[in-house]
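Q: The lines below spell out each chain.
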Amino acid sequence: SQQGEEDPQALSIQEGENATMNCSYKTSINNLQWYRQNSGRGLVHLILIRSNEREKHSGRLRVTLDTSKKSSSLLITASRAADTASYFCATDEGGSEKLVFGKGTKLTVNP
Amino acid sequence: DAGVIQSPRHEVTEMGQEVTLRCKPISGHNSLFWYRQTMMRGLELLIYFNNNVPIDDSGMPEDRFSAKMPNASFSTLKIQPSEPRDSAVYFCASKATGGGGYTFGSGTRLTVV
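Note that the protein sequences, when read in sequence, are chains Y and G.
In the working numbering, each number is its position in the first sequence, counted from 1, plus 22.
In the working numbering, each number is its position in the second sequence, counted from 1, plus 2.
Hints in this document: simulated from the structure, not taken from any laboratory.
The C-beta atom is built at its ideal place from N, Cα and C for all residues, glycine as well.
Check each hint, because a few of them may be wrong.
Unchecked claim - Think about it this way: if two alpha-carbon atoms lie no more than 27 Å apart in a straight line, the pair counts; the simulated DSSO-like pairs of lysine-lysine are:
1. Y:K128 x Y:K48
2. Y:K78 x Y:K92
3. Y:K78 x Y:K128
4. G:K26 x Y:K120
5. Y:K48 x Y:K92
6. G:K80 x Y:K125
7. G:K80 x G:K26
8. Y:K128 x G:K70
9. Y:K92 x Y:K120
10. Y:K128 x G:K80
11. Y:K78 x Y:K48
12. Y:K78 x Y:K125
Unchecked claim - Selected chain Y positions facing chain G (Cβ under 7 Å, derived; list incomplete):
13. Q55
14. G64
15. R82
16. E119
17. K125
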């Protein structure tokens with residue numbers, strides 16, 4: 023079952039611009055995570071935000087979480103060509119160990 | 003640590019054959035997950051283990067799929083007999099107990115012809 027749904031499905035920007043991706047989910051969660059997947063590779067964990075947190079930063083990444091709206095956003099500032107990848111949000115279903123992933127946003131950063 | 007290691011990276015097999023995918027999780031990680039990724043369905047959780055015990059196999063599509071974890075450092079996902087609709091990328095991931103993210107392997111791209 024798909025828990026998180028990312029929006030937009032695809033995003034194309036110029037190097038140096040900011041990229042914002044959104045995620046909506048359906049059930050209660052303990053945490054929400056964002057992952058990156060480069061073409062032909064496995065997923066890489068980027069950041070985890072707990073349900074009692076509203077915002078978290080890691081380098082050029084900023085994640086927000088609004089549990090009342092069951093939504094999250096991932097902002098990548100000053101994007102680089104190397105940020106080109108698919109980005110997935112994932113949620114734990116009611117705090118279980120297993121993560122349910124959305125279908126991802128495909129980000130293209132043009133040099 | 004070399005990360006989560008999956009083998010083979012690519013597998014092409016004929017319909018009806020048995021396929022075995024292998025995974026070595028990160029040492030010390032207590033949970034292991036098998037996912038399947040396709041364009042149509044995205045990432046689907048097939049099964050996960052905690053301390054080598056299967057906890058949730060509700061995502062296993064049918065009896066043709068089976069998974070084992072005989073010890074903390076090795077897991078297999080077997081498909082017998084394989085069908086063309088099983089073609090996908092299969093990922094293994096592991097995680098330490100408690101919070102934190104998963105570490106994924108590089109995946110096995112399975113093509114059943």
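Q: Using the nearest Cβ pair, does E119 of chain Y come within less than 7 Å of chain G?
A: OK, holds: E119 of chain Y within 7 Å of chain G, min 6 Å.
Q: Given the hint that K26 of chain G pairs with K120 of chain Y, test it: the Cα-Cα distance must not exceed 27 Å.
A: Within the cut-off at roughly 19 Å; holds.
Q: Given the hint that K128 of chain Y pairs with K70 of chain G, test it: the Cα-Cα distance must not exceed 27 Å.
A: Violated - the C-alpha atoms of K70 of chain G and K128 of chain Y are around 33 Å apart, more than 27 Å.
Q: Can you confirm whether the C-alpha distance between K80 of chain G and K26 of chain G stays at or below 27 Å?
A: 15 Å, holds
Q: Measure nothing beyond the straight line between the CA atoms of K80 of chain G and K125 of chain Y; if it is 27 Å or shorter, mark the hint as holding.
A: Roughly 25 Å between the alpha carbons, so the hint for K80 of chain G and K125 of chain Y holds.
Q: Hey, K78 of chain Y versus K48 of chain Y, does the alpha-carbon distance stay inside 27 Å?
A: 21 Å, holds
Q: Measure nothing beyond the straight line between the CA atoms of K78 of chain Y and K125 of chain Y; if it is 27 Å or shorter, mark the hint as holding.
A: 23 Å, holds
Q: With chain G as the partner, please determine if K125 of chain Y meets the hint condition of a C-beta pair closer than 7 Å.
A: 4 Å, holds
Q: Minimum Cβ distance from Q55 of chain Y to chain G below 7 Å?
A: 6 Å, holds
Q: Could you grab the alpha-carbon distance between K78 of chain Y and K92 of chain Y and see if it respects the 27 Å cut-off?
A: It holds: about 16 Å lies between the C-alpha atoms, which stays within 27 Å.
Q: Are the Cα positions of K48 of chain Y and K92 of chain Y separated by 27 Å at most?
A: 7 Å, holds
Q: Straight-line Cα separation of K78 of chain Y and K128 of chain Y no greater than 27 Å?
A: 22 Å, holds
When each numbered hint is compared with the structure, violations occur for hints 8, 10 and 15.
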